[in-house]
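Asks: Sequence:
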Amino acid sequence: MAGRSRNNPDQQPSETEGLLPADYDLADLYGAQSADEDPDDTAVLIPPITLPSDAELAAAALAVPLVARVVALARWIAPHREVDEHGDLGPEDRVRAARMLGAEDPDEDDVVEAMRAWALACDLDLVETGTTDDGAHVAIPGPDLAAVEAGEPAAVLGLWFEAAELVRELAAEAESVDPELVEGGGSDDSAGLAEVEDARDQAAEILDEALHVLYETTAFAEPGAETVPLGVLAALLVVPDGEEPDEEMLGEITDLMVVLDPMLGDLAELGLVEHRPIDPDLFEEGEGEPAAEAVDTDRPLTDEDAARFGTVRLTALGQYAVREWLLADGYDAPLIGDLADQDGAALLRALADGGQLFAEPELRAWTAARAPRDAARELLAGARGRDPQSPVRRYYCVLGLGELDEAAAEEVALVVDDPELGGLAREWLRARGADVTAAERDVALWRVIDSMAAVMLISAGEGGRLRALVADLPVTDNPASYFGEVWRVPHPMTAEVLEAVGELHLDRKVAKEARRAALKARSLRGQGGGR
Numbered sequence: 001m002a003g004r005s006r007n008n009p010d011q012q013p014s015e016t017e018g019l020l021p022a023d024y025d026l027a028d029l030y031g032a033q034s035a036d037e038d039p040d041d042t043a044v045l046i047p048p049i050t051l052p053s054d055a056e057l058a059a060a061a062l063a064v065p066l067v068a069r070v071v072a073l074a075r076w077i078a079p080h081r082e083v084d085e086h087g088d089l090g091p092e093d094r095v096r097a098a099r100m101l102g103a104e105d106p107d108e109d110d111v112v113e114a115m116r117a118w119a120l121a122c123d124l125d126l127v128e129t130g131t132t133d134d135g136a137h138v139a140i141p142g143p144d145l146a147a148v149e150a151g152e153p154a155a156v157l158g159l160w161f162e163a164a165e166l167v168r169e170l171a172a173e174a175e176s177v178d179p180e181l182v183e184g185g186g187s188d189d190s191a192g193l194a195e196v197e198d199a200r201d202q203a204a205e206i207l208d209e210a211l212h213v214l215y216e217t218t219a220f221a222e223p224g225a226e227t228v229p230l231g232v233l234a235a236l237l238v239v240p241d242g243e244e245p246d247e248e249m250l251g252e253i254t255d256l257m258v259v260l261d262p263m264l265g266d267l268a269e270l271g272l273v274e275h276r277p278i279d280p281d282l283f284e285e286g287e288g289e290p291a292a293e294a295v296d297t298d299r300p301l302t303d304e305d306a307a308r309f310g311t312v313r314l315t316a317l318g319q320y321a322v323r324e325w326l327l328a329d330g331y332d333a334p335l336i337g338d339l340a341d342q343d344g345a346a347l348l349r350a351l352a353d354g355g356q357l358f359a360e361p362e363l364r365a366w367t368a369a370r371a372p373r374d375a376a377r378e379l380l381a382g383a384r385g386r387d388p389q390s391p392v393r394r395y396y397c398v399l400g401l402g403e404l405d406e407a408a409a410e411e412v413a414l415v416v417d418d419p420e421l422g423g424l425a426r427e428w429l430r431a432r433g434a435d436v437t438a439a440e441r442d443v444a445l446w447r448v449i450d451s452m453a454a455v456m457l458i459s460a461g462e463g464g465r466l467r468a469l470v471a472d473l474p475v476t477d478n479p480a481s482y483f484g485e486v487w488r489v490p491h492p493m494t495a496e497v498l499e500a501v502g503e504l505h506l507d508r509k510v511a512k513e514a515r516r517a518a519l520k521a522r523s524l525r526g527q528g529g530g531r
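Here our numbering is used: the first residue of the sequence shown is 1, the next is one more, and so on.
A hint or two may mislead.
[Unchecked claim] Pairwise CB distance ranges, derived in the manner of DEER restraints:
id	residue 1	residue 2	range
1	Pro65	Val138	39 to 49 Å
2	Ala150	His86	28 to 38 Å
3	Pro52	Glu162	17 to 27 Å
4	Ala371	Ala150	29 to 39 Å
5	Lys509	Ala468	12 to 22 Å
6	Gly151	Asp418	31 to 41 Å
These aren't lab readings, by the way, just hints derived from the structure by calculation. In this text, a Cβ means the ideal position worked out from N, Cα and C, and glycines have one as well.
Please put together the full structure from these sequences, using the hints given.
Replies: Rendered as structure tokens:
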């Protein structure tokens with residue numbers, strides 16, 4: 001799948017002009033989607049997700065109406081049914097098929113829908129066609145029908161995913177085809193065919209990018225808030241990070257919304273997305289005429305108004321399919337719980353190496369698979385060390401201990417006098433009401449440096465969290481005295497932390513003393529006394 005940033009979808013028609021009310025700020029369409037976005041979150045290319053079990057996904061796939069029709073047709077033809085030389089049902093059987101699929105008095109549209117399902121059944125080999133020894137053309141159920149009907153997850157998901165790949169390809173192809181170009185050009189119109197091919201590739205790229213963005217936004221969304229306005233999805237593809245959309249971008253967003261709308265509708269038929277299409281009444285009718293039932297621009301945009309511009313939600317099946325496509329394209333698309341079978345040391349190393357934005361769900365899954373004492377013992381063992389990665393391991397150790405109840409207290413109490421773990425252990429125990437004294441001064445200062453070092457490493461020194469920690473340092477009215485203690489802390493990142501305080505602290509006197517202390521810490525490290 002393609003990357004997530006897109007600009008200038010220039011092949012789109014001018015009929016989209018006026019779809020978005022000019023008076024509206026695009027933020028009205030964003031709603032709460034981006035209000036609390038953390039700039040540091042964008043550092044994770046593919047966030048981990050949680051998927052239902054294969055059995056649950058298979059049940060969801062069989063419940064998709066189009067899939068149900070495909071399976072019903074495959075069963076209906078048993079043991080065989082005559083077809084023409086192209087593998088198509090005859091006129092009478094087409095009507096019978098439509099009636100079998102639920103149309104009491106099938107009309108032309110019902111028959112067309114039945115034949116769409118028939119074509120998909122043949123493409124998926126759930127229906128197989130051939131010729132008998134006496135020359136008759138027949139269709140029979142495919143060999144996987146029994147397993148699919150039985151709901152075997154591997155068979156159902158294999159069938160559904162193959163269908164998803166077909167629908168994804170056909171959706172882009174349908175969007176890219178210009179009927180006038182195709183009908184007006186002859187078989188030797190190589191320029192016209194090349195133009196269609198380019199348009200199909202561009203439509204496929206747009207759809208892939210949109211699915212990639214939907215995958216990420218769904219992973220970040222709170223439960224129940226996964227639905228994305230189509231304008232927001234298009235804006236995420238058009239507007240560069242950190243910029244506000246200008247008038248040209250607003251036009252591109254509108255064009256892109258109209259391009260995505262029918263393609264998402266095609267995917268919705270197979271259950272990849274839940275999609276509310278753009279209200280056709282929002283298009284301008286005729287030259288200079290206002291759109292019918294146009295949105296009232298003299299009042300704030302309501303949720304219903306926003307929904308008329310189209311919405312989309314990636315389903316669990318959609319997440320499953322997009323993840324498979326991402327993996328096929330070489331992306332690392334992890335699942336929450338992938339580390340559940342690792343020991344504590346391996347877990348913390350993986351979280352520290354990967355800069356896991358979703359560490360808490362991963363830790364929650366890992367701790368849930370163990371007894372509290374066993375989990376605490378493994379986490380504390382994995383958190384030891386003074387290597388460059390160790391502050392981050394201890395950071396995630398603290399998050400993991402936060403998932404444990406008092407049953408882990410006995411294990412945590414064993415390390416209260418440990419020079420590296422004693423500070424965090426005493427904090428954990430005291431927070432749960434244990435009768436434990438606060439850490440000694442040297443241990444407390446080491447803990448402060450270690451905590452700030454972890455945030456520096458995780459955020460690469462950027463973002464608001466480090467500034468907040470610097471501002472909250474318990475510096476007294478005599479910063480020279482405070483930093484006179486801190487620079488002697490035998491932590492491998494004491495100098496770096498003090499340099500960060502010198503850069504970020506708003507009090508000039510404090511910042512100056514921190515910089516002086518950083519020089520002393522570096523000198524001490526050079527003499528071999530900083531560890």
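Asks: All hints, please: hold or fail.
Replies: Evaluation of the provided hints:
1. Pro65 to Val138: 39 to 49 Å: Hint violated: Cβ distance 27 Å, outside 39 to 49 Å.
2. Ala150 to His86: 28 to 38 Å: Cβ of Ala150 to Cβ of His86: about 31 Å, so the range 28 to 38 Å holds.
3. Pro52 to Glu162: 17 to 27 Å: holds, 20 Å
4. Ala371 to Ala150: 29 to 39 Å: Distance hint for Ala371, Ala150 holds at roughly 38 Å.
5. Lys509 to Ala468: 12 to 22 Å: With a Cβ separation near 20 Å, Lys509 and Ala468 satisfy 12 to 22 Å, so the hint holds.
6. Gly151 to Asp418: 31 to 41 Å: Since Gly151 and Asp418 have Cβ atoms about 53 Å apart, the given range 31 to 41 Å is violated.
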